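Take a look at the letters that make up each chain.
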Amino acid sequence: GAGVSQSPSNKVTEKGKDVELRCDPISGHTALYWYRQSLGQGLEFLIYFQGNSAPDKSGLPSDRFSAERTGGSVSTLTIQRTQQEDSAVYLCASSLPGLTEFFGPGTRLTVL
Amino acid sequence: QKEVEQNSGPLSVPEGAIASLNCTYSDRGSQSFFWYRQYSGKSPELIMSIYSNGDKEDGRFTAQLNKASQYVSLLIRDSQPSDSATYLCAVNPRYTGANSKLTFGKGITLSVRP
Numbered sequence: 001g002a003g004v005s006q007s008p009s010n011k012v013t014e015k016g017k018d019v020e021l022r023c024d025p026i027s028g029h030t031a032l033y034w035y036r037q038s039l040g041q042g043l044e045f046l047i048y049f050q051g052n053s054a055p056d057k058s059g060l061p062s063d064r065f066s067a068e069r070t071g072g073s074v075s076t077l078t079i080q081r082t083q084q085e086d087s088a089v090y091l092c093a094s095s096l097p098g099l100t101e102f103f104g105p106g107t108r109l110t111v112l
Numbered sequence: 001q002k003e004v005e006q007n008s009g010p011l012s013v014p015e016g017a018i019a020s021l022n023c024t025y026s027d028r029g030s031q032s033f034f035w036y037r038q039y040s041g042k043s044p045e046l047i048m049s050i051y052s053n054g055d056k057e058d059g060r061f062t063a064q065l066n067k068a069s070q071y072v073s074l075l076i077r078d079s080q081p082s083d084s085a086t087y088l089c090a091v092n093p094r095y096t097g098a099n100s101k102l103t104f105g106k107g108i109t110l111s112v113r114p
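Going down the list, the protein sequences come from chains A and B.
Be aware that the first sequence starts at 1, since it is given in our numbering, and climbs by one per residue.
Be aware that the second sequence starts at 1, since it is given in our numbering, and climbs by one per residue.
Excised from the complex, chain A in its bound form (with noise of 0.2 angstroms):
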């Protein structure tokens, strides 16, 4: 596609219940990004796929999150019983190696 893409765009869930985020980067990029934003604060990095590999998942803040990547293209990035303290921006972001990183529009999730 012309650019990131990412699913879905708001996800309002109760607390305790699994989600899926999804992204599907530009055709082409090998480095897919995950990145987590709070209101007002930085982006917090979560963890980097190369191909289908992950060599950096340094960011994980817990064994509630996991990411996959299938067929060197879309990633689900998956939160497990979800807490209030997860509700953030979830951004995805690829690139071609070492180069200038495109982002997705983000998905807003909300835990209530």
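Derived from the structure by calculation, the hints contain no laboratory data.
The model shown is predicted, which means the values in this text are computed figures rather than measured ones.
A few of these clues could be false.
As the list claims (entries may be wrong) - Straight-line alpha carbon distances no greater than 20 angstroms define the calculated EDC-like cross-link-like pairs of lysine to aspartate or glutamate that follow:
{"#": "1", "chain 1": "B", "residue 1": "106", "chain 2": "B", "residue 2": "27"}
{"#": "2", "chain 1": "B", "residue 1": "106", "chain 2": "A", "residue 2": "44"}
{"#": "3", "chain 1": "A", "residue 1": "57", "chain 2": "A", "residue 2": "14"}
{"#": "4", "chain 1": "B", "residue 1": "56", "chain 2": "B", "residue 2": "78"}
{"#": "5", "chain 1": "A", "residue 1": "57", "chain 2": "B", "residue 2": "3"}
{"#": "6", "chain 1": "B", "residue 1": "42", "chain 2": "A", "residue 2": "63"}
{"#": "7", "chain 1": "B", "residue 1": "42", "chain 2": "A", "residue 2": "24"}
{"#": "8", "chain 1": "B", "residue 1": "106", "chain 2": "B", "residue 2": "5"}
{"#": "9", "chain 1": "A", "residue 1": "11", "chain 2": "A", "residue 2": "56"}
Claimed, not checked - Over 12 angstroms on every C-beta distance to chain A, these chain B residues come out as not near it, computed from the model:
{"#": "10", "residue": "18"}
{"#": "11", "residue": "38"}
{"#": "12", "residue": "42"}
Heads up, the beta-carbon is just placed ideally off N, CA and C, and yes, glycines get one too.
On the provided structure of chain A, position chain B as indicated by the hints.
Then chain B, alone, in the frame of chain A:
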């Protein structure tokens, strides 16, 4: 721990003035540097990239890089109210290649007063 620091904000300038946004980084081997702009409620968008020492100009924007001082800055000339946003500095330790990713600063919020 590779760090990217942006001087504390917010920064407020009058319309037409020059806005100067600064960023320092800890990894001396860093090779590529980026400035992103993020409007409230939107995702970051790239406005400048710079790879070698000196100045790089693009319209009203000038990026300045000094690798010896581990310092990168963004100058916005003739600031406009539409420049009001948060500006994120990002650094990559390698010029290109696998297993490299950007490290972002926390950003600085610029407000341009009409």
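Hint by hint, here is what the structure shows:
Between the alpha carbons of residue 106(B) and residue 27(B) the distance comes to roughly 17 angstroms, so the proposed pair stays at or under 20 angstroms and holds. With a CA separation close to 9 angstroms, the supplied pair residue 106(B) and residue 44(A) stays within the 20 angstroms bound. Only pairs whose Cα atoms come within 20 angstroms are accepted, and residue 57(A) paired with residue 14(A) is rejected, the gap being roughly 26 angstroms. Between residue 56(B) and residue 78(B), the direct Cα distance comes to roughly 17 angstroms. Compliance with the 20 angstroms bound is thereby established for this hinted pair.
Proximity of residue 57(A) to residue 3(B) is assessed by CA-CA distance (about 17 angstroms); at most 20 angstroms being required, the pair is judged to hold. Between residue 42(B) and residue 63(A), the direct Cα distance comes to roughly 28 angstroms. Violation of the 20 angstroms bound is thereby established for this hinted pair. Restraint check: the Cα-Cα separation between residue 42(B) and residue 24(A) comes to about 18 angstroms, which is no more than 20 angstroms; the hinted pair holds. Between residue 106(B) and residue 5(B) the alpha-carbon distance is near 7 angstroms, which keeps this suggested pair within the 20 angstroms criterion.
A hinted pair counts as satisfied when its Cα atoms are at most 20 angstroms apart, and residue 11(A) with residue 56(A) does not qualify at roughly 26 angstroms. Every CB of chain A is more than 12 angstroms from the CB of residue 18(B) (nearest about 25 angstroms), matching its label as outside the interface. Listed as a non-interface residue, residue 38(B) fails to keep its Cβ farther than 12 angstroms from every Cβ of chain A; the least gap is roughly 9 angstroms. With a least beta-carbon separation of about 8 angstroms from chain A, residue 42(B) fails to lie farther than 12 angstroms from that chain, contradicting its non-interface assignment.
Hint compliance for this structure: hints 3, 6, 9, 11, 12 are broken, all remaining hints hold.
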